[in-house]
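The listed protein sequences derive, respectively, from chains A and B.
Start counting the first sequence at 1; every next residue gets the next number (my numbering).
Start counting the second sequence at 1; every next residue gets the next number (my numbering).
If you're looking for bench data, these hints aren't it; they were derived computationally from the structure.
A virtual CB, placed ideally from N, CA and C, is assigned to each residue, including glycine.
Among the hints, a few may not be true.
To be verified - In silico negatives: residues of chain B with every beta carbon more than 12 Å from chain A:
id : residue
1  : Lys-21
2  : Ser-23
3  : Val-28
4  : Lys-33
5  : Lys-44
6  : Leu-45
7  : Phe-133
8  : Ile-176
Claimed, not checked - Derived, one-sided and incomplete: chain B residues facing chain A with beta-carbon distance under 10 Å:
id : residue
9  : Glu-234
10 : Ile-235
11 : Lys-241
2 protein chains.
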Amino acid sequence: MKNIILLGSGNVATHLGIALKNSNYTIVQVFSKSIKNAKLLAKKLDTHFTNDLTKLKPADLIIVSINDDAILSVLSKIKDTAIVHTSGSIGLDVFKQKFTNYGVFYPVQTFNKEIDINISEIPFCIEGNSLEFEKEIIEIAKALSNNVVNMNSHQRKQLHIAAVFACNFSNHMYSIADELLANNNIDFKILLPLIRKINANLENYRPKEVQTGPAKRKDTAIIQEHIATIKENEIKELYHKISENIIKYHE
Amino acid sequence: MKNIILLGSGNVATHLGIALKNSNYTIVQVFSKSIKNAKLLAKKLDTHFTNDLTKLKPADLIIVSINDDAILSVLSKIKDTAIVHTSGSIGLDVFKQKFTNYGVFYPVQTFNKEIDINISEIPFCIEGNSLEFEKEIIEIAKALSNNVVNMNSHQRKQLHIAAVFACNFSNHMYSIADELLANNNIDFKILLPLIRKINANLENYRPKEVQTGPAKRKDTAIIQEHIATIKENEIKELYHKISENIIKYHE
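Extracted from the complex, chain A is given alone in its bound form (with noise of 0.2 Å):
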């Protein structure tokens, strides 16, 4: 499984693309939809290129790293080649209809084509259709990353809802600070050195040891004050929905 067509120029097919040649796999092909795009992955990867599903090259495997709802009109359109996608969110079964060697190659990271990353720090989340073709892509997964996990679909599910609530949730939390904090002249920047004193603690503990804060401490009186300070009706009810759940939760 030595010459790849990458299906997709976006930012999972750039970064794949990339530490694929340094690990001395062959690109054959770029495939995308927009012939430029396809041209400059083309050009960094020094290979072929093209806008047309019927002109794909012959290869070893097929990596399919294109928006999820395009994957379905995509694959009406390839003759059955060994194939793997990059989604967390889409289950294995989108091949099985017509394909004989597929699997799922999800890299656990948020990509953007500017910034330089580290791959082989990047946990792959593997699953195979059959344990051969599994043990093959888990070879090449291991040759980009130090972080290399057997997966199956219902896991990656779950995966996937989990970092909805650890990535974007938790973002989300410090939009609402940073918001607060600007509604009262006040740089969200303060707020770094907490952030990075919560975050560093996730290396050694789990989070739920390390939990503070009024919540955990059962503090009404700062709830109910907090909930009455905040103005916006919406940040209000999450305060207070979420606090519930860590009372809740701390039992």
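Since the structure of chain A is provided, determine the placement of chain B on it from the hints.
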């Protein structure tokens, strides 16, 4: 203002006492209602100790670092001296009836007696009852930290609410993720590279600018699927409410 009494022997008092001593202030005495704790901290600071508020020595400044709910009763037993407290949630006016020079000296950090901290990076929020006295306590704060900010009691309350969102609530989002993963035999550590990335973003961007995820993309199909997949009702509701708020916030 070189001779200081510490009222309290907990995490904040301990770190402040050591930092003040290192900056050539003299801790003339440590008070704690527990004579054992008073003695322990006094030994570290090479000074006197007491558990009797009627036996405080003469000093230029008293720093009160005790539990919020004990402050009023302690203040009732002290004679008029220049005085500050270190609490984020207690107002300046707790001192009003009895003292001539008073203020707040609030370090924005979670302290732990056992863990070393770099006090020079911790933001100190300062408020004094007169410009003159404020200047004097700002000078002390600047001897300890490079990050000293003037902040009135109203702003400090807003900062405290913001810190609850940015630190306590984001940590609870990690706890929820940890539990979802543990229920499916997945180690929370798989999310650490992603969490590190999200937090590194805060050093250079406002949190709103780097928000990602299904709610940010208004991907209602994934949101509905996640809510249907989550088993616990309270967690379903939190997913729903926070997603709604993200969608509204990014309209």
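Hint by hint, here is what the structure shows:
1. Lys-21: holds, 22 Å
2. Ser-23: holds, 19 Å
3. Val-28: At roughly 30 Å from the nearest Cβ of chain A, Val-28(B) sits farther out than 12 Å, so the non-interface label holds.
4. Lys-33: holds, 20 Å
5. Lys-44: Lys-44(B) is indeed farther than 12 Å from all Cβ atoms of chain A, at 22 Å.
6. Leu-45: Holds, because the least Cβ-Cβ distance between Leu-45(B) and chain A comes to about 24 Å, which exceeds 12 Å.
7. Phe-133: holds, 22 Å
8. Ile-176: Not fine: 5 Å to the nearest Cβ puts Ile-176(B) too close to chain A.
9. Glu-234: holds, 5 Å
10. Ile-235: holds, 8 Å
11. Lys-241: Check passed: Cβ of Lys-241(B) comes within 6 Å of chain A, closer than 10 Å.
Violated hint for the displayed structure: number 8, the only one.
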